[in-house]
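**Q** Line by line, the protein sequences give chains A, B, C and D.
Okay, so the first sequence: first residue is 404 according to the numbering used here, each after it adds one.
Okay, so the second sequence: first residue is 404 according to the numbering used here, each after it adds one.
Okay, so the third sequence: first residue is 404 according to the numbering used here, each after it adds one.
Okay, so the fourth sequence: first residue is 404 according to the numbering used here, each after it adds one.
In short, the hints are calculated from the structure, not lab data.
Mixed in with the good hints there might be a few duds.
Which copy is meant is left open, because identical chains are indistinguishable; a pair holds if it fits in one copy or across any two.
In silico DSBU-like links for lysine-lysine, alpha-carbon gap of 30 angstroms or less [what the hints assert, rightly or not]:
1. Lys410 with Lys467
2. Lys467 with Lys451
3. Lys451 with Lys514
Letter by letter, the chains look like this.
There are 4 protein chains.
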Amino acid sequence: MKPYQRKVQYYETDMMGIAHHANYIRWMEEARIDFMEQLGYPYADMEKGGIYSPVRSLACDYRKPCTFNDELSITVSISAFTGARLMLRYEIKKGDELICEARSEHAFVDKVGRVIRLPRAVPALAQKIELLREHVDAAEAPEKKGEKE
Amino acid sequence: MKPYQRKVQYYETDMMGIAHHANYIRWMEEARIDFMEQLGYPYADMEKGGIYSPVRSLACDYRKPCTFNDELSITVSISAFTGARLMLRYEIKKGDELICEARSEHAFVDKVGRVIRLPRAVPALAQKIELLREHVDAAEAPEKKGEKE
Amino acid sequence: MKPYQRKVQYYETDMMGIAHHANYIRWMEEARIDFMEQLGYPYADMEKGGIYSPVRSLACDYRKPCTFNDELSITVSISAFTGARLMLRYEIKKGDELICEARSEHAFVDKVGRVIRLPRAVPALAQKIELLREHVDAAEAPEKKGEKE
Amino acid sequence: MKPYQRKVQYYETDMMGIAHHANYIRWMEEARIDFMEQLGYPYADMEKGGIYSPVRSLACDYRKPCTFNDELSITVSISAFTGARLMLRYEIKKGDELICEARSEHAFVDKVGRVIRLPRAVPALAQKIELLREHVDAAEAPEKKGEKE
Chain A
404 MKPYQRKVQY
414 YETDMMGIAH
424 HANYIRWMEE
434 ARIDFMEQLG
444 YPYADMEKGG
454 IYSPVRSLAC
464 DYRKPCTFND
474 ELSITVSISA
484 FTGARLMLRY
494 EIKKGDELIC
504 EARSEHAFVD
514 KVGRVIRLPR
524 AVPALAQKIE
534 LLREHVDAAE
544 APEKKGEKE
Chain B
404 MKPYQRKVQY
414 YETDMMGIAH
424 HANYIRWMEE
434 ARIDFMEQLG
444 YPYADMEKGG
454 IYSPVRSLAC
464 DYRKPCTFND
474 ELSITVSISA
484 FTGARLMLRY
494 EIKKGDELIC
504 EARSEHAFVD
514 KVGRVIRLPR
524 AVPALAQKIE
534 LLREHVDAAE
544 APEKKGEKE
Chain C
404 MKPYQRKVQY
414 YETDMMGIAH
424 HANYIRWMEE
434 ARIDFMEQLG
444 YPYADMEKGG
454 IYSPVRSLAC
464 DYRKPCTFND
474 ELSITVSISA
484 FTGARLMLRY
494 EIKKGDELIC
504 EARSEHAFVD
514 KVGRVIRLPR
524 AVPALAQKIE
534 LLREHVDAAE
544 APEKKGEKE
Chain D
404 MKPYQRKVQY
414 YETDMMGIAH
424 HANYIRWMEE
434 ARIDFMEQLG
444 YPYADMEKGG
454 IYSPVRSLAC
464 DYRKPCTFND
474 ELSITVSISA
484 FTGARLMLRY
494 EIKKGDELIC
504 EARSEHAFVD
514 KVGRVIRLPR
524 AVPALAQKIE
534 LLREHVDAAE
544 APEKKGEKE
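Assemble the whole structure, with the sequences as input and the hints as a guide.
**A** So this is what it looks like as structure tokens:
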């Protein structure tokens, strides 16, 4: 999966001269939507198919500021998947510098808010997610020792 | 009608140290929604009743900058009404100082975008708007001489 | 301290028909700025005095959606204070219903980003924060048993 | 000059299911910044050089709605230039369909708000703008007959 590329816009800065912290949440969404598209399941199609994916929680660690015109690169990875919930991780970088680490947790629901289990509703997508998650586990296991998620 | 009061938020400033110009468009919406509520026709109720009011055009003259924590006061008035189109005027002030003059033009449409004529759909609201518009004409006519709208 | 009152704006909704999750981060800022003003230390004055308070991290648990015109009430409390770092907690409610629980962590720095210790820079404010924090500890201690922060 | 390409983001939609009209103002800024970069005078560099370019006025005609994931293409052109003021025109298209026509007017000022005449401050840029404007006049003159700008 290719990282998502994003330039900081002028209107995203604040009077401190840096990108306002609320915008990172929007960039995470952009990167997530790009990630789903790379997976072959564009979010727009999923909503048309009656599957919504609201954010249940999120967390952001702001490491370094960034500002207008900075080129950001956002890597999304799957940290957990239960069939009804998906946990994503984000690394926002400016060149080699880590700007922000973040997480988001997503439910899958239908139009009226009833929980959808992805493995039943879209088995092929659930399988892809499962695969990517395992890959993450394998690749990241050593560094993650002692981290409680 | 009472002017709409609004404080400039920190996240609305940009690296020039002033409120970013795109936010004024949002403040106009806030003031317009407050105006409709004062009229007795809250916008939320109108949408529930199947009447939508998309923006067809807008124009903004930025006279003075404003910044974080400034207390703004926004006056909305009706400059024209055709039954299917509504033209509003806005004066955004900080104390006595005129910050911005603006206009917006609105259609009335149903859920699928078909034009709704307000005098037929909500006669009482159309009448109120008509009344307020006439009032504007009477009060502002002298100053408006020579202005091309 | 009075909770901060805030109506959800139309432009804060998204095509899911609810307030977009990124806006909550902005409401937290609004509530925080109101909190500082109630404390007698308006954020605008602090920045003029050369003290900036960037967000170091934040976390949001979205419990229930909210939408256009909902009246929200946001309670801010101090969960920790080290002199150089301040941790705040937020409860966003719609009537009695808890919409969102959130936290943010703030540093204090000068114009060029050097850490400021608040007890030295603004002792009276540090004392007020200390007092409010202790009050929180006393009031919330029983419920907090077993919570790891 | 190449048109600026831009996808509509999920967070830019509202509960009407379309991109909220305030976002177009931001897209215009993005396109304008891209235009300046293509001209060889990145806006970030200009601000570092002490030249700011605040928006004095803008106008938008919304022709068709657009929504999440739509690919937009924004063409910027110079409609007038006086040395101290620059008038830009924007066409926002989705495929061949015209979504929005807009204009913005910009001043050039220094850090403290004093007017800068571009032909004196950055003669090479002023010349480029002049050239592009003349080109516009020549190309568009016939269609523009009778239009008062």
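**Q** It remains to establish, for every hint, whether it holds in the given structure.
**A** Evaluated hints:
| no. | hint | result |
| --- | --- | --- |
| 1 | Lys410 with Lys467 | both (16 angstroms within a copy, 27 angstroms between copies) |
| 2 | Lys467 with Lys451 | between (38 angstroms within a copy, 21 angstroms between copies) |
| 3 | Lys451 with Lys514 | both (10 angstroms within a copy, 18 angstroms between copies) |
No hint from the list above goes unmet by this structure.
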